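Participant: Spelled out, the chains give:
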Amino acid sequence: MKARSLRSSQTADLFAPAAPPTAAPAAPTAAPPPPAAPPATPAAALPPAVLPARSARAEPLWYAVVFAPPPEGQPLDLYSLSLQAQQFTSLVSLEPPNALLLEVRGSVQLFGSLARLRALIDARWQELAFEASSAVAPSTLAALWCARAGDHECADTALRLPGRLARLPIACTAWDADRLHRLRSLGITRLGEVLRLPRAGLARRLGPGAVLDLDIALGRQAEPRRAFVPRERFRQRRDFETEIDQVAYLEKALEPLIAACAQFLRRRQAGIQRLELRLRHRQAPPSRVRMGFASATSEQHRLADVLAQQLSRLELRAPVLGLELISGALQALSGVSRDAFAGSGGAGPDTAAELVERLRARLGERCVYGVSTLAEHRPEAAWRRVHELQLASLPTGSVSGAADMPRPLWLLDEPQRWPAGDTLSPQESPERIESGWWDGRGVARDYYRVCAARGVKLWVFQERHTKCWYLHGVFA
Amino acid sequence: MCFGAAKMWLPRETSSLAELLADARVWKLKDAAAGHRLSSRPVWSTGSSALDARLPGGGWPTASLIEVLIDSTGLGEVQLFLPALVECQRKASGDVPWIVWIAPPYEPYAPALAQSGVELGRLLVVRPASGVEALWAAEQALSSGVCAAVLLWLKGTDDRWLRRLKLAAEEGGALGVLFRPERHRFESSPASLRLVVAHGDPAPQIELIKVQGGRPGFVDLGVP
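The listed protein sequences derive, respectively, from chains A and B.
For the first sequence, position 207 matches number 214 in the numbering used here, and the numbering has no gaps at all.
For the second sequence, position 202 matches number 237 in the numbering used here, and the numbering has no gaps at all.
Quick caveat, the hints were computed from the structure, so don't treat them as lab data.
Treat the hints with caution; some may be incorrect.
[Unchecked claim] Chain B regions said to be covered by chain A (calculated; three or more residues, Cβ under 8 angstroms):
#, stretch
1, 102 to 116
2, 139 to 147
3, 153 to 162
4, 166 to 174
5, 178 to 188
[To be verified] Example chain B residues on the side facing chain A (calculated, C-beta under 10 angstroms, incomplete):
#, residue
6, 82
7, 85
8, 88
9, 130
10, 132
11, 133
12, 135
13, 150
14, 234
15, 235
16, 236
17, 239
18, 240
Quantities reported herein were computed from a predicted structural model and do not represent experimental measurements.
Virtual Cβ for every residue (Gly too), placed ideally from N, Cα, C.
Construct the complete structure from the given sequences, taking the supplied hints into account.
Facilitator: Here's what the structure looks like:
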């Protein structure tokens with residue numbers, strides 16, 4: 008039944024995005040046509056104008072490599088292979104369990120030609136004694152599927168993709184066994200036959216994931232890839248000949264370590280947000296000082312600044328025998344935070360990130376925060392603290408003042424019960440807030456602005472059910 | 036008597052009043068009124084024309100320390116500075132500057148701030164554990180150059196710290212506002228502007244007790 012309906016509609020919709028949805032008629036189930044002569048290849052069915060217009064320069068080019076499992080049954084070390092791949096391009100992406108994807112469009116010019124670049128990368132795997140199969144294609148999945156299928160022909164434009172994909176066996180998609188079995192039971196063994204199926208039916212039978220995969224493979228849908236960042240850390244220790252019991256000396260002794268750390272980061276064009284200092288003692292277990300930065304940094308004076316803040320608060324438990332500086336995970340630096348002239352000196356105006364991390368280093372992480380509004384009617388739930396501050400540049404003129412009912416500048420943590428003896432005589436009409444019945448913390452209140460004795464302006468409400476008065480805010 | 040005393044320190048060659056007034060050592064009270072034109076320093080409007088008229092330059096001075104003496108809250112004391120906070124964020128060229136609130140008595144309520152036009156993405160609340168930490172944080176923020184205004188609430192402090200805050204404010208070009216209890220009224224303070232916000236019926240009373248380049252006295256804000 009399934010096979011029949013699929014086959015019957017194969018001429019109606021050729022998995023082409025240009026065909027309007029109405030062009031795919033409901034599959035006639037009563038009279039299936041006999042298996043016809045092989046239909047036109049999808050490449051012929053897709054006129055070039057159908058493909059999204061895109062300049063060749065912007066089109067990515069992916070090199071995929073699939074490694075054969077190592078002989079002794081050991082796990083494949085994709086991590087170290089990625090490190091090797093990073094000498095050819097800055098964008099390496101892992102495809103577990105056994106493949107890597109390299110974006111090579113930007114590297115072609117550097118290495119002369121695509122053929123040469125590809126030969127160099129392939130030679131690298133041979134040198135390392137890995138059995139690898141590679142392919143180059145304008146989309147991630149197409150490259151990966153070709154590499155899995157062992158199709159080494161090079162197609163560097165999206166125009167030739169459908170024709171090339173059509174020849175591949177469906178097993179190269181690495182879809183799950185159930186999905187492949189279902190396709191095989193329809194008599195489908197090649198991707199070209201899958202591409203010929205109607206899109207809606209395909210999504211229904213194989214799940215939307217399969218359609219998305221095909222779109223990505225054909226280059227109709229971009230697939231953002233996470234770039235591989237090496238899991239390196241800075242770790243360096245320094246031992247003293249005599250024990251040090253003065254914090255001031257420690258600061259001096261730390262300087263070369265900080266300089267080394269900054270240089271380490273600069274070479275890798277990476278930054279850190281966490282730093283740990285370990286102080287070794289003769290008897291006691293090592294004391295640890297942990298530091299955080301508001302944004303990833305590699306600048307020496309920022310590292311030194313935060314370390315100095317932490318050291319100034321440090322009370323030594325015992326004399327120190329050695330120091331060790333350990334960085335957190337390396338993060339890609341945004342281009343904005345690098346300053347060519349801020350390499351060593353501590354001069355120049357601070358940035359907001361520096362200010363925030365200096366305050367946090369001394370006062371504590373949780374004591375420095377921002378606030379933001381939430382779309383919520385209950386006053387106590389209409390705001391929250393923000394600890395992940397947005398430190399990137401914010402252009403002026405983005406403020407939009409919302410015209411709304413007046414709100415007090417101070418809101419009490421908990422509404423305070425107004426003494427029953429005191430009577431309030433609000434002059435204005437109330438603002439009624441009735442909300443939150445769905446989460447068990449419902450409110451039904453009438454809010455008033457009142458001028459209490461001697462000029463103090465308060466925000467009070469009357470609970471509608473109990474008629475009790477509460478103080479909730481102060482207009483400061 | 037008074038005239039005679041003045042004559043004693045006058046240099047011989049000074050003859051006319053105009054020359055006398057041109058002497059830099061002579062502080063002219065009149066400049067306060069004419070300050071709108073004379074002052075080269077930028078100022079931020081207070082949002083109240085009555086108060087603006089009493090301040091030299093016609094608003095809160097930037098790059099200086101302002102001291103507000105107040106015993107309780109709820110008298111609209113922060114409200115006096117909100118227009119200035121909004122203005123300094125809007126008028127800045129390029130990146131929006133930061134506003135830092137250090138040790139406010141309650142949580143600043145985000146919807147109210149958003150309503151008045153403050154850019155919440157550039158507001159920092161700092162909760163220091165002690166008064167000295169608060170002063171340190173204020174000094175750091177004021178001198179950093181990335182903050183346009185720093186509001187600080189304190190129970191008490193000494194003259195030396197206030198001087199450091201004033202210097203930091205001048206260095207970083209930021210507006211520093213210090214709220215502290217009224218009992219410090221008769222202590223000396225390096226702040227360039229000191230005002231008392233006190234209870235009053237029906238509206239709170241504002242009294243300028245020190246105005247550099249202006250005349251101290253009560254300010255009638257009119258009906259709020």
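Participant: Was the hint right that residue 132 of chain B lines chain A, CB cutoff 10 angstroms?
Facilitator: holds (9 angstroms)
Participant: With a cut-off of 10 angstroms on the beta carbons, see whether residue 235 of chain B makes it to chain A.
Facilitator: The hint holds - residue 235 of chain B has a Cβ within 10 angstroms of chain A, the shortest such distance being about 5 angstroms.
Participant: A closest beta-carbon separation below 10 angstroms is what the hint needs, so does residue 234 of chain B meet it against chain A?
Facilitator: Residue 234 of chain B check passes; min Cβ-Cβ to chain A is 4 angstroms, inside 10 angstroms.
Participant: Verify this for me: three or more residues of the stretch 178 to 188 of chain B with a beta carbon less than 8 angstroms from a beta carbon of chain A.
Facilitator: Answer holds; 4 residues pass the 8 angstroms Cβ test.
Participant: Residue count check for the stretch 102 to 116 of chain B against chain A: does it reach three with CB-CB under 8 angstroms?
Facilitator: Per the Cβ count (8), the hint holds.
Participant: Minimum Cβ distance from residue 85 of chain B to chain A below 10 angstroms?
Facilitator: violated (16 angstroms)
Participant: Identify whether the interface hint at residue 135 of chain B stands, where standing means a beta carbon of chain A within less than 10 angstroms of its own.
Facilitator: holds (8 angstroms)
Participant: Return the status of the interface hint for residue 82 of chain B: holds when the least beta-carbon distance to chain A is below 10 angstroms, violated otherwise.
Facilitator: violated (14 angstroms)
Participant: Check, residue by residue, whether the stretch 139 to 147 of chain B contains three or more positions whose beta-carbon lies closer than 8 angstroms to a beta-carbon of chain A, and give the verdict.
Facilitator: holds (count 9)
Participant: Using the nearest Cβ pair, does residue 88 of chain B come within less than 10 angstroms of chain A?
Facilitator: violated (22 angstroms)
Participant: Does residue 239 of chain B pass the interface hint, meaning its C-beta sits closer than 10 angstroms to a C-beta of chain A?
Facilitator: holds (4 angstroms)
Participant: When the nearest CB of chain A is found for residue 133 of chain B, is that gap smaller than 10 angstroms?
Facilitator: Where the cut-off is 10 angstroms and the nearest Cβ of chain A is about 6 angstroms from residue 133 of chain B, the hint holds.
In this structure, the hints that do not hold are numbers 6, 7 and 8, in rising order.
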